[in-house]
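Here is what each chain is made of, one letter per residue.
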Amino acid sequence: MMRAWHRPHYIIPQAKWRWLLWACFILYLIVATGSIDLHWSRVLEGFERGWRFVHAFLHPNFTTRWSDIQSGMIESLTMSLTSTFVGILLSIPVGIGAASNISTKSIYALCRFFISISRSMQEVIVAIFLVALFGFGTFAGFLTLTFATIGFLAKLLAEEIEGIHKAPLEAIRATGASWLQTLHYAIMPQIMPRLVGLWLYRFDINFRESAVIGIVGAGGIGATLNTAIERYEYDSAAAVLLLIIAIVFLCEYVSGYLRKWFI
Amino acid sequence: MVHLTSEEELIWQKRMRLKAWLWWFAWLFCISFFMMCWQTMTRDTMWVFIYDAPTQAYDLLDRMFPPRWSYLPTLLKPLWDTLNIATIGTLIGIILAFPIAFLAARTTTPSVLFVRPIALFIIVASRSINSLIWALLLVAILGPGLLAGIIAIAFRSIGFVAKLLYEAIEEVDQTPVEALSATGASTLQVIDYAIVPQILPSFIGISLFRWDINIRESTILGLVGAGGIGLELQASLSILAWPQVILIVLLIFATVIFSEALSAKIRQAIL
Numbered sequence: 286m287m288r289a290w291h292r293p294h295y296i297i298p299q300a301k302w303r304w305l306l307w308a309c310f311i312l313y314l315i316v317a318t319g320s321i322d323l324h325w326s327r328v329l330e331g332f333e334r335g336w337r338f339v340h341a342f343l344h345p346n347f348t349t350r351w352s353d354i355q356s357g358m359i360e361s362l363t364m365s366l367t368s369t370f371v372g373i374l375l376s377i378p379v380g381i382g383a384a385s386n387i388s389t390k391s392i393y394a395l396c397r398f399f400i401s402i403s404r405s406m407q408e409v410i411v412a413i414f415l416v417a418l419f420g421f422g423t424f425a426g427f428l429t430l431t432f433a434t435i436g437f438l439a440k441l442l443a444e445e446i447e448g449i450h451k452a453p454l455e456a457i458r459a460t461g462a463s464w465l466q467t468l469h470y471a472i473m474p475q476i477m478p479r480l481v482g483l484w485l486y487r488f489d490i491n492f493r494e495s496a497v498i499g500i501v502g503a504g505g506i507g508a509t510l511n512t513a514i515e516r517y518e519y520d521s522a523a524a525v526l527l528l529i530i531a532i533v534f535l536c537e538y539v540s541g542y543l544r545k546w547f548i
Numbered sequence: 244m245v246h247l248t249s250e251e252e253l254i255w256q257k258r259m260r261l262k263a264w265l266w267w268f269a270w271l272f273c274i275s276f277f278m279m280c281w282q283t284m285t286r287d288t289m290w291v292f293i294y295d296a297p298t299q300a301y302d303l304l305d306r307m308f309p310p311r312w313s314y315l316p317t318l319l320k321p322l323w324d325t326l327n328i329a330t331i332g333t334l335i336g337i338i339l340a341f342p343i344a345f346l347a348a349r350t351t352t353p354s355v356l357f358v359r360p361i362a363l364f365i366i367v368a369s370r371s372i373n374s375l376i377w378a379l380l381l382v383a384i385l386g387p388g389l390l391a392g393i394i395a396i397a398f399r400s401i402g403f404v405a406k407l408l409y410e411a412i413e414e415v416d417q418t419p420v421e422a423l424s425a426t427g428a429s430t431l432q433v434i435d436y437a438i439v440p441q442i443l444p445s446f447i448g449i450s451l452f453r454w455d456i457n458i459r460e461s462t463i464l465g466l467v468g469a470g471g472i473g474l475e476l477q478a479s480l481s482i483l484a485w486p487q488v489i490l491i492v493l494l495i496f497a498t499v500i501f502s503e504a505l506s507a508k509i510r511q512a513i514l
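Chains A and B are the protein sequences, given in the same order. Everything in the first sequence is counted per the working numbering, starting at 286 for the first residue and increasing by one. Everything in the second sequence is counted per the working numbering, starting at 244 for the first residue and increasing by one.
In short, the hints are calculated from the structure, not lab data. Note that the structure is predicted; figures quoted are calculated from it, not measured. Some hints could be false.
Mimicking BS3-like on lysine-lysine, the simulated pairs with C-alpha atoms at most 27 Å apart in a straight line are [what the hints assert, rightly or not]: (1) B:K262 <-> A:K545; (2) A:K301 <-> B:K406; (3) B:K406 <-> A:K440; (4) A:K301 <-> A:K390.
Here are the computed distance ranges between Cβ atoms for each label pair [to be verified]: (5) A:S463 <-> B:M279: 28 to 38 Å; (6) A:L343 <-> B:T298: 31 to 41 Å; (7) B:P342 <-> A:T389: 49 to 59 Å; (8) B:I361 <-> A:K301: 20 to 30 Å.
Note that the Cβ used here is the ideal one computed from N, Cα and C, for glycine as well.
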């Protein structure tokens with residue numbers, strides 16, 4: 286006698302609840318898609334333009350706007366480099382303060398508060414405010430990226446420090462080392478390889494973000510890109526996008542190489 | 244780490260002589276490079292504006308508070324649109340990312356030489372371009388509105404979800420895969436019965452994580468015309484209505500925190 290075999294369902298074994306959830310989900314989709322006002326003629330027109338963009342992507346035009354692209358790229362690269370550097374320097378005290386195993390209670394709370402503020406504020410919104418305060422240009426962008434970098438790196442640094450092996454820490458402390466010496470000889474060697482990888486990763490993020498905050502006036506390649514798209518110069522826009530992709534790709538490659546070198 | 248004998252005692256050094264010099268030069272190079280970049284970056288900076296910033300900050304805060312609470316009801320529909328952009332965008336994104344992840348994973352790709360590089364390029368391209376830039380492009384192509392926002396979010400999600408997913412696929416335990424292949428199962432059956440059950444928890448985790456990020460990103464897409472609450476932000480900014488701006492920013496803040504808590508809760512319940 287043959288018996289049919291059924292695989293049990295992964296998450297919700299009861300069929301009743303499963304159907305109910307599916308029903309709710311489909312209902313939501315119907316309601317949500319209903320609120321999109323689609324203009325099919327506009328979409329059809331979009332296909333033609335989308336095709337032009339794909340075409341431009343295959344024939345990017347680096348030459349016509351090269352001086353704009355070049356200055357935008359230099360602004361973006363210098364902005365992300367300086368902000369990563371300053372962000373790293375400032376994230377070290379904040380990160381150490383936010384590690385519960387080597388910091389005191391009050392400093393811990395303060396650092397964690399700063400980190401959560403920095404992480405939940407979006408770069409673009411921060412950039413809008415900083416542009417209003419410091420005027421258009423790279424300086425506002427630099428401050429935005431630095432602010433975001435501190436929160437990001439300090440959180441990861443704190444987690445790294447909290448996750449270290451206890452034994453070397455106790456051994457170094459037992460020799461009578463000062464707090465700074467403990468940090469230098471027991472903690473740093475354990476976290477450096479990961480940390481270098483994270484720093485390079487943050488540079489990569491900062492570069493990508495620098496393209497975005499340019500749209501709200503904080504300098505960098507984003508302004509060039511915005512202008513190119515607004516003028517429907519898809520071939521120049523494609524050139525900028527390809528350069529961004531190439532630089533991000535290069536960053537990933539170099540970071541893998543450097544990390545191996547550091548371990 | 245090396246011991247060097249000087250005149251009478253043993254001196255302990257952390258590094259060898261040559262290496263110490265190399266480090267010193269590396270630092271010198273880094274710092275001079277930083278100074279060079281700093282010079283280039285601040286060449287066009289108007290320092291007057293920067294000295295002036297504290298006064299400006301005080302002035303801005305003075306104009307922002309109190310927030311214009313009466314403006315809140317107008318924001319509910321855009322907020323609902325924002326949530327829809329994020330949710331439908333994530334959905335489309337993960338549907339597209341699923342096959343791409345299988346094509347990119349070394350263990351399941353049909354061809355390491357041809358298909359895998361294409362899949363990896365799609366992943367890198369999608370990840371390198373921020374959703375705001377995707378939105379900028381799509382608004383130019385499709386016109387302003389929710390649709391551009393949804394597609395922007397979807398395109399941005401593909402790379403993120405596919406990258407994490409293909410790494411999960413490559414780490415799958417190969418024993419069930421071999422066992423199923425030995426029974427004569429087709430590739431699709433192997434994927435369905437041996438791989439999917441193993442990656443499902445990480446897939447759900449990744450999708451929820453991305454949904455949470457997408458809520459955050461979709462709030463600002465309106466700045467370039469892609470619908471949602473960002474449109475109101477743009478409108479308020481352009482008329483310098485700071486009490487409205489601060490209200491919108493607070494609302495975005497609340498939404499982001501709420502979505503983070505919600506996705507953490509669901510992840511806990513399911514996984």
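Checked hints:
Proposed proximity of K262 (chain B) and K545 (chain A) is supported: the alpha carbons are some 18 Å apart, at most 27 Å. For the proposed pair K301 (chain A) and K406 (chain B), the alpha carbon gap of about 34 Å is over 27 Å, so the pair is violated. For the suggested pair K406 (chain B) and K440 (chain A), the alpha carbons sit about 23 Å apart, so the restraint of at most 27 Å is met. With a C-alpha separation of about 49 Å, the suggested pairing of K301 (chain A) with K390 (chain A) is violated against the 27 Å cut-off.
Against the hinted window of 28 to 38 Å, the Cβ-Cβ separation of S463 (chain A) and M279 (chain B) comes to about 36 Å, which satisfies the hint. Checked against the given bound of 31 to 41 Å, the beta carbons of L343 (chain A) and T298 (chain B), roughly 51 Å apart, lie outside it. As the Cβ distance of P342 (chain B) to T389 (chain A) is approximately 51 Å, the hint placing it in 49 to 59 Å holds. A hinted range of 20 to 30 Å for the beta carbons of I361 (chain B) and K301 (chain A) is inconsistent with their spacing of about 43 Å.
Violated hints, listed in ascending order, are 2, 4, 6 and 8; each of the other numbered hints is respected by the structure.
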